[in-house]
Amino acid sequence: MVDISVIIPTHNRAAMLRSLLGKLDAQRDGTPAFEVLVVADGCEDDTSTMLSSLRTRVPLRTLSLPGVGPALARNAGSQVASGRLLIFLDDDIEPGENFVRAHVVEHQRHPGGVVMGPYPPLPHIAKDRFRLSARAWWTRHFERVSRPGHQFAFTDVLTGNLSLEAELFHAMGGLDPQFARAREDFEFGLRLIKKGVPIRFAPDALGYHLEHQTATLTGKMVRRHQEGRSDALMARKHPDIQRLLEIHRFAGKKGRKKRLQRAMATRAGSVLDPLVKAGPRLLQMLEKAGLRRLYEKVERQLNGYHYLRGAAEVLGEDWRLPTDPTASTDEIDVLEINLDQGLEAAEAMLAERRPLAARIANGTVPVGDMCHQIGAEPWDARHLRPWLNRQAIHGYLPVALAEWQGQPINVPPQLSDFTLNTLNNPSFHAHMIEQHVQWMQAKLRSALYDNTSRS
Amino acid sequence: MRLAVRDIDILDLPPDFEPTADYQGALVLIRVAGRPCGQAVIAFDTDGGKTPIKDRILSAASSSVFEAWLRHRLALPDPSPAPSQLPKASVVICTRDRTEDLERCLTGLMAMPDKVDILVVDNAPSNEATRDLVGRFDTVRYLREPRPGLDVARNTALRNADADVVAFIDDDAVPDPLWLRTLLRNFEDPLVLAVTGLTMAAELETDAQIAFQHFGGFCRGFRRQVYDAHNLDPFTGWHAGAGVNMALRRTIVDAVGWFDEALDAGTLSLAGGDTDMFRRVLEAGYRIVYDPEALNWHRHRRSSKELQQQMYGYEVASLAILTKALLFERNPRALPRMVRSYIRLLRRLFQPRRTHQFSLPYNDALTQVRGAASGPVRYLRARARVVGAGHKRG
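Chains as they are written, first to last, in the working numbering: chain A, 1 to 455; chain B, 1001 to 1394.
If you are wondering where the hints come from, they were derived from the structure by calculation, not from laboratory data. None of the values given here were measured: they were computed from a predicted structure. Ideal placement from N, C-alpha and C gives every residue a C-beta, glycine not left out. Be a bit skeptical, because a hint or two may be false.
[To be verified] Quick list of in silico lysine-lysine cross-link-like pairs, DSS-like style, CA-CA up to 30 angstroms:
id, chain 1, residue 1, chain 2, residue 2
1, B, K1054, A, K443
2, A, K220, A, K257
3, A, K277, A, K257
4, A, K288, A, K254
5, A, K237, A, K194
6, B, K1088, B, K1115
7, A, K443, B, K1305
8, A, K220, A, K277
9, A, K443, B, K1050
10, A, K277, A, K258
11, A, K127, B, K1088
12, A, K258, A, K195
13, A, K127, A, K277
14, A, K23, B, K1088
15, A, K195, A, K254
[To be verified] One-sided excerpt, in silico: chain A residues whose CB lies under 10 angstroms from chain B:
id, residue
16, I125
17, P280
18, T419
[Unchecked claim] Derived DEER-like restraints, expressed as beta-carbon distance ranges:
id, chain 1, residue 1, chain 2, residue 2, range
19, A, R236, B, G1257, 50 to 56 angstroms
20, A, K23, B, P1079, 28 to 34 angstroms
21, A, E296, B, P1190, 25 to 31 angstroms
22, B, E1128, A, L294, 55 to 61 angstroms
23, A, T214, B, N1127, 47 to 53 angstroms
24, B, R1340, A, R390, 32 to 38 angstroms
25, B, G1257, A, M50, 36 to 42 angstroms
26, B, L1366, A, L291, 31 to 37 angstroms
27, A, R55, B, T1251, 41 to 47 angstroms
28, B, L1366, A, E296, 33 to 39 angstroms
29, A, R200, B, P1079, 18 to 24 angstroms
30, B, L1074, A, G269, 52 to 58 angstroms
When you get a sec, could you build the whole thing from the sequences and use the hints?
Written out as structure tokens, the structure is:
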């Protein structure tokens, strides 16, 4: 009887799966015992022969399904898994040698939550626009999530590299099969957050994503279709987060452009589909010609079209989305926190009350509002300092400076408007202008700065 | 005009800040708890010393100082913590007949807490002075590259260094003690092929040096940046840094190729080898980190004539790179960029900017236009020479 199950849904990727299983077999010494459960979902290649001929030290089991999509495959895997801890892993990720252990250690440290690991793209030469933006999305996503003090939202949850206790997974009812091919992770994340399950990030549970072998421009268009479909379903299931979904922009009655877009998506498919099929080829041509702006414009249009076609599949002619009568922000309690007791006291208060929204002040000086974010976890102690440093820097910096300089509180020290405006602005141009302003403001007396001799 | 260059920690101000006789002011590098985080430009003695020096520095400090200070006060973790193991590195100095500067540079490298492999590449020297100097430092390796050209020397260094990372510093620059270590901590992300650092002016003794620093110098800001083709156009790769302060992963050669030997000092193209390398790194989808805490100090050109030559060289190089991309890499995006840069320069020539309150002893717009005009031809001729000699190209 093993305690940990690694569940891998797969579809026609025998070679990749083989190398993945090799990496799992070669986990670092000291890794607790685990089993691997491959859910072969509608595989028509030699996945099954590869699996039956494979010899591994780690116990390996296989489950075959007729092609039901990754969400159902994961659910089915969780049903037959024997471990108390489930680690879900995508078939296009190459796990590092510390992968399983890092998940387990994080669960031992903080039991009862959900742990996500990073799977940034495998480094390789990538020149085309599509590859670059896919890579940028993945790397930035994991950088953002791993920042200390990050407030997790449902859109941060990805099931490619995620672990939780089997008991919790079953109690949540697993993944919703309605979202079989897209957004099943966001939907699951939303339910986790609503239930108050803590989400953690374990940077050591690293795997490299072979997205350059699995993601293509054409595949992305198909995926946009699925995302449109799932977003429409999501808006119906969770009306409270409807505003955060892309589909919200297209719903509602008003706007000629909106109506036209919807009509095209619902009715003009037979005419437009063949044209749109040539989309990826057109994009490649635009890229070759160096027309980057046009490329981006066309890509946006194509993505939007596929998204709406997917949504139309669910919504049909009627694009009214249900609204949530309970989703009124007035009801939310705002916790008032005063910093004059010290930062530690404020942190303790946040940790104890875990509010959805808080108002921070220092004495009588307002510092800022920790606003309620729909679909995000409540505020906690670890959020406070990073929030002060980034979001509330304009409100908090004068307070902190006055305190440092030993002046009575409530007297904001002299910061120039320019300095205030460029706080947290990392751009190169902002730096160049700031530097120029610094030199000019110093009013150096010299022929070099004599602006009367030359206009 | 002369300005003092000061290096202070805002948490621990020196009592004797105010000036000595012939300096009109100071360029101040500001640190918070030892980490470089911003600058201030201060004119001395404008108010008879009534305002305390701390207030004057604070009111002239750049915004990044306040961010770093607040981060320190909130005890937030370092945004780029050092990994448990730094990669092995070699430090390379490409030099040519500048023993006085080189000695300062080597002394600075010796003062670093980390003991590393140091390699001096003597590029087409006119005498034995450099060899003799390096002989006095018994841990420094000496290599002679007879073919002239900074990029030729850089390639020789890459070929002869066996460490994972090769850090380059100019012979007229001096490293801060933690320079190398700070550069190296950024290599944990496998997508990072190059790391650049902050270069401050070592002295501001002449108008030319002050003008260069005011124009931006080698300073690329005080905030750490991670650049890739998604947030930085490869053609503006110079935003990421300069060759005076950069470290490259050795595998950069396999990923994007060697330095272009038809570019940079010692060739007709005059400059741009580093910019071209950064451009290719970004185009290949890899990343460059700019870490301002990796600090070194550069002695800028002292005379106006040298400054003018430098401005001319930068413009030549910028057009040389565009020419290369257009003609030899068939990159269609180079053409509109070329047209735009000519239009921008010509416009500057005929309508001097109002905000441009400088009076250099020569017409800087005209210098740049001349450089831009000769750039393409100079590159083609430099390239023909390289191909003729059978050298490596990037």
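Taking the hints in turn, this is what the structure says about them:
Among the hinted pairs, B:K1054 with A:K443 is consistent with the structure: their alpha-carbon atoms are about 18 angstroms apart, no more than 30 angstroms. Restraint check: the Cα-Cα separation between A:K220 and A:K257 comes to about 25 angstroms, which is no more than 30 angstroms; the hinted pair holds. Of the pairs offered as hints, the one joining A:K277 and A:K257 holds, with about 23 angstroms between alpha carbons and a cut-off of 30 angstroms not exceeded. For the given pair, A:K288 sits about 39 angstroms from A:K254 by alpha-carbon distance, which is inconsistent with the 30 angstroms threshold.
As the CA atoms of A:K237 and A:K194 are separated by approximately 14 angstroms, the hinted pair is consistent with the 30 angstroms bound. Taking the CA atoms of B:K1088 and B:K1115, the gap is about 11 angstroms. The hint holds against a cut of 30 angstroms. Note on A:K443 and B:K1305: the hinted pairing holds, with a Cα-Cα distance of about 25 angstroms set against a maximum of 30 angstroms. At roughly 12 angstroms between alpha-carbon atoms, A:K220 and A:K277 fall within 30 angstroms of each other, so this suggested pair holds.
A C-alpha spacing of about 17 angstroms is found between A:K443 and B:K1050, which places the hinted pair at or below 30 angstroms, so the restraint holds. A hinted pair counts as satisfied when its Cα atoms are at most 30 angstroms apart, and A:K277 with A:K258 qualifies at roughly 23 angstroms. With a C-alpha separation of about 29 angstroms, the suggested pair A:K127 and B:K1088 falls inside the 30 angstroms cut-off, and the hint holds. Taking the CA atoms of A:K258 and A:K195, the gap is near 35 angstroms; set against the 30 angstroms cutoff, the hint is violated.
Between A:K127 and A:K277 the CA atoms are separated by roughly 23 angstroms; this keeps the pair inside 30 angstroms, and the hint holds. Between A:K23 and B:K1088 the CA atoms are separated by roughly 27 angstroms; this keeps the pair inside 30 angstroms, and the hint holds. Among the hinted pairs, A:K195 with A:K254 is inconsistent with the structure: their alpha-carbon atoms are about 35 angstroms apart, more than 30 angstroms. Checking A:I125 against chain B: minimum C-beta separation of about 5 angstroms stays under 10 angstroms; hint holds.
The interface hint given for A:P280 is broken, as the beta carbon of that residue sits about 19 angstroms from the closest beta carbon of chain B, more than 10 angstroms. With a cut of 10 angstroms, the hint placing A:T419 at the interface with chain B holds, because the nearest CB-to-CB distance is about 5 angstroms. Roughly 54 angstroms separates the CB atoms of A:R236 and B:G1257, a value that falls within the hinted 50 to 56 angstroms. The hinted range of 28 to 34 angstroms is satisfied by A:K23 and B:P1079, whose Cβ atoms lie roughly 31 angstroms apart.
For the hinted restraint 25 to 31 angstroms between A:E296 and B:P1190, the CB-CB distance of approximately 28 angstroms keeps it satisfied. Distance hint check: the CB atoms of B:E1128 and A:L294 are about 59 angstroms apart, consistent with the given range 55 to 61 angstroms. Between A:T214 and B:N1127 the C-beta distance comes to about 60 angstroms, which lies outside the given range of 47 to 53 angstroms. Separation of B:R1340 from A:R390 is about 35 angstroms and conforms to the stated range, judged on CB atoms against 32 to 38 angstroms.
For B:G1257 and A:M50, the hinted distance range of 36 to 42 angstroms is satisfied, since their beta carbons lie about 38 angstroms from each other. At roughly 34 angstroms, the beta carbons of B:L1366 and A:L291 sit within the given window of 31 to 37 angstroms. In this structure the supplied range 41 to 47 angstroms is violated for A:R55 paired with B:T1251, their Cβ-Cβ distance being about 34 angstroms. For B:L1366 and A:E296, the Cβ-Cβ distance of about 38 angstroms falls inside the hinted range of 33 to 39 angstroms, so the restraint holds.
In this structure the supplied range 18 to 24 angstroms holds for A:R200 paired with B:P1079, their Cβ-Cβ distance being about 20 angstroms. Hint check: B:L1074 to A:G269, Cβ distance near 55 angstroms, so the stated range 52 to 58 angstroms holds.
When the structure is compared with the earlier hints, violations turn up for hints 4, 12, 15, 17, 23, 27 and for no others.
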